[in-house]
Each structure stands twice: as structure tokens, then as C-alpha cells.
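Could you put the whole structure together from the sequences, leaning on the hints where they help?
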Amino acid sequence: MKMFKLSSKDMMLMLVLSAAVLTMPIWLVPFGAGYPDLMQKFAIFGLFAVGFNILFGLTGYLSFGHAAFLGVGSYTAIWSFKLLSMNVLPAVMLGTIVAGLFAVLIGYVSLRRTGIYFSILTLAFAQMCYNLAYSVLTPITNGETGLRVLRDDPRVLDNMFGVVQEGSPVGSLFGVNMQGYPGFYFCAVMLLIGFFISLLIFRSPFGMKLIAIKSNQNRMRYTGFNTRPYLLIAFVISGMYAGLSGTLMAVTDPLAGAERMQWTASGEVVLMTILGGMGTLTGPLFGAVLIKYFENIFSAFNESSLLEIFSFLPEPLQHFVVTIVHPFVGEGWHLTLGALFMIIVIFLPGGLVEGFGRLSKKFKSKPTQKSE
Amino acid sequence: MSQSTFTRRGLLRSSAALGAAGVAPSFFVRDAWAQDFTNNPGNGSSVTLGFNVPQSGAYADEGADELRAYTLAVKHLNGEGDGGMLNTMKPLSLKGNGVLGKEVKFVTGDTQTKSDAARASAKRMIEKDGAIMITGGSSSGVAIAVQSLCQEAGVIFMAGLTHSNDTTGKDKRKYGFRHFFNTEMTGASLGPVLESNFGKDRNAYHLTADYTWGWSQEGSIKKYTEALGWNTTAAVRTPLGAGDFSQYITPVLNSGADVLVLNHYGKDMVNSLTQAVQFGLRDKNVGGKDFQIVVPLFSRLMAQGAGENIKGIFGSTNWNWSLTDEGSAAFVKSFGAEYGFPPSQAAHTTYCQAILYANACEMAGTFNPCEVITALEGFKFDGMGNGATEYRASDHQCFKDVLVVRGNENPSSQFDLLEVVQEVPRSQVEYDPSLLGGELGNCA
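Residue numbers (the working numbering), protein chains in the order written: chain D, 1 to 372; chain S, 1001 to 1444.
Among the clues, some could well be false.
Stated by the list, open to error - Simulated crosslink set (SDA-like; lysine to any residue; CA at most 25 Å straight-line):
| hint | chain 1 | residue 1 | chain 2 | residue 2 |
| --- | --- | --- | --- | --- |
| 1 | S | 1128 | D | 23 |
| 2 | S | 1267 | D | 131 |
| 3 | S | 1128 | D | 131 |
| 4 | S | 1128 | D | 32 |
Said to hold, decoys possible - Residues of chain S placed beyond 10 Å of chain D at every Cβ, according to the derived structure:
| hint | residue |
| --- | --- |
| 5 | 1097 |
| 6 | 1228 |
| 7 | 1436 |
To be clear, the hints were calculated from the coordinates, so they are not data collected in a lab.
Here the structure is a predicted model, which means the values were calculated and not measured.
Note that CB positions come from ideal geometry on N, CA and C, so glycine has one too.
What follows is the structure in C-alpha cells.
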């Protein structure tokens, strides 16, 4: 096993990231984001984007259907809560595995094509799942209302071991309820494990092969290298990440709805990855945090809160500024996001990570200029 | 990759680092039990309410009107404006100086008519903004999802526009209260009117929004019309927010049905009704009977959207601004003065809910949800537009008169779209709580 060992630089990265993620409840407070629900979302969608990046970032295959795996993971987790136990471990395992099986099926078919055809195929599969969840599969998915955990579900394992929860059932890890801060830490640990695996893949010969496929698949084939198994493995791995994220959504909030599988959800993870920097290790994480922050914080500004923010301005100016800013927050947060996305794609094709790189270069080069 | 080795030592080192990093921040976990109930305002000078309404999607119009009503309610609670229904409500414990002497503040959120988004935004209000009560929702799916979230969080949920039986039926919760009526009441009130207008021998075709409210509505209308002797030809489910209903309406033409029941609401109903009329359904004659369309749940906002097509169509509604009792008049007056047009039934029910909650806190003398719940359970009041009303203790459902309405043939203004056919008395729509099942659960 000569393939996996981390250089000291990667160890540093892992340590810094762990510290940053686990101290989120402290340093996010000044940004108004230090509350459990949003931090759970950061961790969950961060994990989703990190997994998506293994496929999109390394092989260049743009899947437009990853939300399907997210949905499958959620539904599986809820069924595990309903039938087996409110303990989250079976749910996490089952959710990931079932999403992986789905990924094998969809990947096997879709990966016969490349480029735009691959994207369209995955999109078609995801929309199929979405529409099935709404129509034929309503006995399994409970349609628009969403699948919920009920008090009188069988829960075979819980009954066997005599685990009783009072009130409405919530996901738990051996008695610790997976809501609020404990829920966040559970998601955060999952994110870090996921990130660690992604790091290993990036540094492994397997990851190298995926990058080679991205740069020139034809040449790989001419040398007698069969690329498809590698692509399928990458696809399944990223599908399992998505399934795990879906499971975590169900763990922190025991409810699954079909809207999680809609194409907009698939598009969102593509945005996250590109915004943060595709093919980079940490980029997708930044992208996920940024988009979820916008969605939850910017969308909550209303006119009165804006007036409060700009209350330091003289009255007429205050109203003028609020009129200008108002269309960009609240319901209009998509507009701000769109503008930001355009700016980043045009000026920073490498995403936020490239931006950080340029900034740090600037700071580093300044002292040397002075010494000259 | 030559320097890479996955050694035991390396693994130990990294897992130890991970573990250490994992333990450290658990010291910062806030103790949720330090306060005796969620978001206790304590000695603060203000209290925050969370208004969670759809600002986008099929029910956005209703959501916008709900938000207007909430803003107005907060004004009245804080003693600003003309006081609205605070002048007519009996018995009243509120003093017009906020609630329990604290100024009322509010935060808003967009449910997007999606359970996921609605729960995320309700969680934000509870966890970040410290909301003591959540209210709103223009969809039963959302209301039920948020209601169970509030039960878990220990925060009272005053349901807004939700009409499904399940909200106070099989999915009822101790922390959830509904002022609005439900499909069972719609069926009970609409049935006799349909009989006297369309007779006993009819074939009904249902188009149903495919979620909890649609199912509930379809079930109730079937139950009451089939009791009259009507026959149900087919019941077709349509996705929420479909936009184009032509593919669902074409089969109606040759189905042999002579009544179309549209179990749709909001923009869905506006679209499906408009298309049904465009397809010439209302001019049809089946077996010597004029084809009829019924929209069981009506609102003025929808009537406005559907325009001419609404004329002569029967439905039921919780409240209409044309009512002349004292409470309605006071509410219409202050809403009109504020916004320049009359309120919808969505605005009315959410306004009432906000006031009822505040009044219950004042009655209980505390914000502690368990005591507020006790104050609301079995609370009898009058002067809020629906006559004598009671919050039934066994299922947290309000019981009051129901209006059967018809699209006005000769509207006198752009808002005068619904004509009240009958005010069905409360006794006719009352049912036994065991009919709808469910269990309230316990407080805290």
C-alpha cells in the first residue's frame, strides 16, 4: 500500500480545515450564520459538493442529475427511521449504499456517452426520479406532502432493544438527539471524513488516472487503457457522497420531499462547485457555504430590516439606498447570486480558490518588493 | 506519489488530530435547558414573532396578503393605528401596549410553498431570531411540516391558510392551532347548496392538487356529494403548480361527467378554471343538464385572478370582506386605510391568529407555551368576523359559521367578486373530533 500517505502540507490542510469547521459555531456568529440549522446545511451541502467535485472536478464529466442521489439517500434514511430504528447509523449506511446502487445503474447507462450527451442523460434520469416520486411512487414517497416519521411506525430494531423516545421521533445517536448543535457536529464529522477521503483520492494514482481521462480520454484509450471502469467508480463514489448528504438532511430533520430531486437542486451543486473552483480540493466547500449563506441570510432581509441597517444615513438618502438595494435581497437574492456568479466566472475562472490564491500572492509579493 | 504510504502511524496521527479537534468545540454547545422554555424573552423589552409565508410559487398572492395582515396586526398590538379588531373582540385581555408589556417585533421568511424551504426558514426564525411563535403557511403540506417542527422545538404554531383535514386531524399537534376551516366543513356546508342548485343526479369529475390538501378536499366533497346520490366519474391528481392543465381538462369533455370539481387553490385554480372555461365546458350540455363547475375552496384573490370566468361558480370560504358585522367592518376599514384595498380571507385568518395568540399570552400572563396552550384551548370569543367562535380543546380547531359563496354576476367594484349565498351555521358543520383521528401529544 504505497499509495496513501499525506504530505505534511496536506496534513496541515486537514488540520486547519477541521479546526475551521468544528469552530463554526464561534466564528460564524458575527456573520449572523452561527445557528445550528444553517451550519448543518453548510456541512451537508459542503459534503455534497466535495463529492460532486470528485466526478466533475477530476474527470470533467458534468452530471446534471446528482440531486436524484440526494433524494434517494433522504428517502432511504426516512424508511430506515420508520422500519428499523431512529438510530442514525443504520440510516447513514443504508442511505449511502442505496444511493450507490442507484449510481451504478444510472452511471452504467449514462457513461456510454460523453460531454453534453452525458449531462443530458443524467438530467433525464434525475427528472425521471423526480416525477416518479410525485406520481407512481407516491406509496413510497408520499408525494408532495413529503415522507415523515410517525409515532406508530414499526421500528423493528428499537422495539427489539426497547429504545423508547418521548414526543415526536427524531434521529438520534445512542440517545443523543441529532438536532441543533449535536446534529451539526455529526454532519461536520461526516464532512471531514468525506473531505479526507476526497483528499486521498486526489493524491492517489486513481485520482491521477481520472485527471488523465479529463485531459485526453482518447489518448488513454489508444494506449490500451480501459477508462470506463474508472469513470464508473468515480461516478458511484460521488453518487454515494450525494446519498450521504441526503441521509444527513433526513438525520437532522426527519422529513423527505421530492423537491430535493428537482433539476434546480442538481444545478445548485454545479454552481457551488464552479463558484468555489472546480477540480480544487477546498473550492466546492467554499461554494456551498457561500450559496447556502445567500439563500438563508440574504433572502431574509425585508424592507424594515434594510431601513434599520442603513439608519445611519440621513432619511432621504436612507430611503434612496433602500430602494436601490431592496431588489437584490429578500426574494431577489437569486439576482445577487447570479451577478456574483457571472463576475466570478468572467474574472476568476478558477473560482474563489483562484481568488484567494491571487490575494495571498499579492500579500506575499509585497514585502519582497519593499526589500528590493 | 512516491512519498505516499498509508502507514499505521500516519493513520493514528491523523485520527488523533481529528478526534482532538472534534472534542474541543463541544464545550461551546449551548445548554438548551438553561431557559425554562424555548426562546424565553425573559426581561427583554421586546418579543419576536415569526411570519413564515409563501413569497414565491403558486400561493404567492395569498402569502403577500398574509404578510400585510401580520404587519397590521403587529401595529395594532403595539397600540399604533386604529386598533382594528382589538376594538371589537370579546373577551379581550390585550391592552394595546404590546404583549405583556413587551413591544412586538417580527421576522419574515419565504416558505416557497415547499416543506423543506418552509422548515429551514422556520428553523432560522427559532434558532437565530429567537421567535417565540411561528405563524403562516399557505399550503397544508407546509403547515403540517412546520407544525411538527414547532412541536419538536417547543414553539407554538398558529396555522395560517391551511384547509386540509389533517392539520387538525391525523397530523394535529399540541403546539399547533388553526383558525381556518377545513374540507370536512366545506363538504358539510356546500353539499346542501349543491343539491338545491344542481339536483341529486349528477356525475362529478374531480381534478385534484396532488398533496394532502387536495386529497382531503377530494375526499370530503366525494363523501358529501355521494351522500346526495351523485356519482363520481373520475378523480385525477394534478401536480402542484402545474401551470398548464389542458392535458387534464381534455378527457373531461368526453367522460360523460356533468360537473367538474376543481380541488385547486391559488394560481393553480386560476389556471385550471380559466382553461376549463376556454375549453367550452360551461357551454356544454350533457344528457339535458348544463355542465357545472364547482370550486370548493374559494378566495377573493383567486376570483380576481380568474376574472370573468368566476361568475356563477359555487364554493365555500372562511370569510369575505363584504360581511357587515362589527368585527369584519373594523378589520376591512383599517386594512383598507393601510393598503388601499380590502383584505382577503387569508389576510383575515392570519390577522386573527396573531391577535388570538397575543391575547392568549396576556390571558396566561406568560409566554410559556404550555400555559398559552391551556389559555387557547376551549377559548370562546366573538367579534372577529365569524360570529361566536370556539377553539375546540380536543383538536385545536376553530368552530364557527362557514360561508357558501358564488362568483358575483354583476360586481359593483373590482373587489366585489363573491356573493354570499348562505352563512351556514356552526352547528351544521360541527363533527366529532374522533372522526379525523390523530393525537395531540403532550406539552414539553
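Here is how each hint holds up against the structure:
1. For the suggested pair residue 1128 of chain S and residue 23 of chain D, the alpha carbons sit about 17 Å apart, so the restraint of at most 25 Å is met.
2. A hinted pair counts as satisfied when its Cα atoms are at most 25 Å apart, and residue 1267 of chain S with residue 131 of chain D qualifies at roughly 21 Å.
3. Of the supplied pair hints, the one linking residue 1128 of chain S and residue 131 of chain D is violated, its CA atoms being roughly 35 Å apart against a limit of 25 Å.
4. Of the supplied pair hints, the one linking residue 1128 of chain S and residue 32 of chain D holds, its CA atoms being roughly 8 Å apart against a limit of 25 Å.
5. The claim that residue 1097 of chain S is not at the interface with chain D holds, since no C-beta of that chain comes within 10 Å of its own (minimum 20 Å).
6. With a cut of 10 Å on Cβ distances, residue 1228 of chain S stays outside the contact zone with chain D, its closest approach being about 29 Å.
7. For residue 1436 of chain S, the non-interface assignment is confirmed: its Cβ lies about 15 Å from the closest Cβ of chain D, beyond the 10 Å cut-off.
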